[in-house]
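Hey, can you work out the whole structure from these sequences and the hints?
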Amino acid sequence: MIRFFRFRVLLRIALATTAIALVLVVWAFWWEPSSLGLVERTIAVHPWHAEHAGLKIAVMSDLHVGAPHRDLSRLREVVSMTNEQKPDLIVILGDFVIQGVLGGTFVPPEPIARELSGLRAPLGVVAVLGNHDWWLDGERVRRALEAEGIKVLVDDNLRLNYKDRSFWLMGLDDLWTRGNHLRSTFAAIDDNEPIIALSHNPDIFPDMPQRVTLTLAGHTHGGQVDLPLIGPPVVPSKFRQRFAYGLIEERGRKLFVTGGIGTSIIPVRFRVKPEIAILTLISEE
Numbered sequence: 001m002i003r004f005f006r007f008r009v010l011l012r013i014a015l016a017t018t019a020i021a022l023v024l025v026v027w028a029f030w031w032e033p034s035s036l037g038l039v040e041r042t043i044a045v046h047p048w049h050a051e052h053a054g055l056k057i058a059v060m061s062d063l064h065v066g067a068p069h070r071d072l073s074r075l076r077e078v079v080s081m082t083n084e085q086k087p088d089l090i091v092i093l094g095d096f097v098i099q100g101v102l103g104g105t106f107v108p109p110e111p112i113a114r115e116l117s118g119l120r121a122p123l124g125v126v127a128v129l130g131n132h133d134w135w136l137d138g139e140r141v142r143r144a145l146e147a148e149g150i151k152v153l154v155d156d157n158l159r160l161n162y163k164d165r166s167f168w169l170m171g172l173d174d175l176w177t178r179g180n181h182l183r184s185t186f187a188a189i190d191d192n193e194p195i196i197a198l199s200h201n202p203d204i205f206p207d208m209p210q211r212v213t214l215t216l217a218g219h220t221h222g223g224q225v226d227l228p229l230i231g232p233p234v235v236p237s238k239f240r241q242r243f244a245y246g247l248i249e250e251r252g253r254k255l256f257v258t259g260g261i262g263t264s265i266i267p268v269r270f271r272v273k274p275e276i277a278i279l280t281l282i283s284e285e
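For the sequence shown, the positions run 1 to 285 when our numbering is used.
It is worth saying that the hints were derived from the structure and are not from the lab. Be careful, since some hints might not be right.
[What the hints assert, rightly or not] With a straight-line Cα cutoff of 25 Å, these simulated DSS-like cross-link-like pairs (lysine-lysine) come out:
hint : residue 1 : residue 2
1    : K238      : K273
2    : K254      : K238
3    : K273      : K254
4    : K254      : K56
5    : K86       : K163
6    : K163      : K151
7    : K86       : K151
8    : K151      : K56
9    : K86       : K273
10   : K254      : K163
11   : K56       : K273
12   : K56       : K86
13   : K56       : K163
[To be verified] Per label pair, the in silico range of CB-to-CB distance:
hint : residue 1 : residue 2 : range
14   : P209      : G37       : 30 to 38 Å
15   : K86       : D207      : 28 to 36 Å
16   : K151      : A50       : 21 to 29 Å
17   : E193      : D71       : 37 to 45 Å
Glycine included, C-beta positions come from ideal geometry on N, C-alpha and C.
Structure follows, in structure tokens:
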């Protein structure tokens, strides 16, 4: 009788463990990677024009079109969801394409750019390139995007006028594949207007000049997996979890890292939901 009771207890434990494991597999490999959410943040920044308080920026990164759950039809959903937020400016922080994602199908940059041409914002759509774009052919990705009206900044700057005042977008090329050209790109800005830096890789942040208002980055996917109490065990950054996700402030400088939309290498996400970030900037008092 005791043996039978022990067997029943062990069987129940085994069944419960199996059920939990199946739920986690479905969550990590299907439900979460196939979802899409909005992350809304209000960020107080300095320097910033009082006239620009309330400027809304839609930030997306790491589209990785062709990864599981991220085909062109899902990209149309991203475009529609972004437009519904009525942002003043849309920025895309690189990694439009994939290489070698398990279960993925390569999608060329040209049809990706055609879908993204549906994005709408009064100040336009501006992009930088990521490591996966350069591993494919960065110039091809750039041509495809610019043919559809999306401005691509490759170690270059763009001055934008909003409510009769100006601010700069400083677009940096991918740190991993193209190197660090922050100093020369920053030096080309010859006035004291506010600067928003766009970088695929957040590892550039420790070098960012103090007067840069805000740095926006992607690349990390938030680690794709965020374990309770531990955090993301794998982050593609030499700083590991330091710049993995979210709003980071160091020595008065601010960095926002979005968790991105697609997946890389393994099509898994656990507690790092694919996102479009909607940032509202206000002046720091």
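Consistency of the hints with the structure:
| no. | hint | result |
| --- | --- | --- |
| 1 | K238 / K273 | holds, 23 Å |
| 2 | K254 / K238 | holds, 19 Å |
| 3 | K273 / K254 | holds, 23 Å |
| 4 | K254 / K56 | holds, 17 Å |
| 5 | K86 / K163 | holds, 17 Å |
| 6 | K163 / K151 | holds, 21 Å |
| 7 | K86 / K151 | holds, 19 Å |
| 8 | K151 / K56 | holds, 18 Å |
| 9 | K86 / K273 | holds, 22 Å |
| 10 | K254 / K163 | holds, 24 Å |
| 11 | K56 / K273 | holds, 21 Å |
| 12 | K56 / K86 | holds, 8 Å |
| 13 | K56 / K163 | holds, 13 Å |
| 14 | P209 / G37: 30 to 38 Å | holds, 33 Å |
| 15 | K86 / D207: 28 to 36 Å | holds, 34 Å |
| 16 | K151 / A50: 21 to 29 Å | holds, 26 Å |
| 17 | E193 / D71: 37 to 45 Å | holds, 40 Å |
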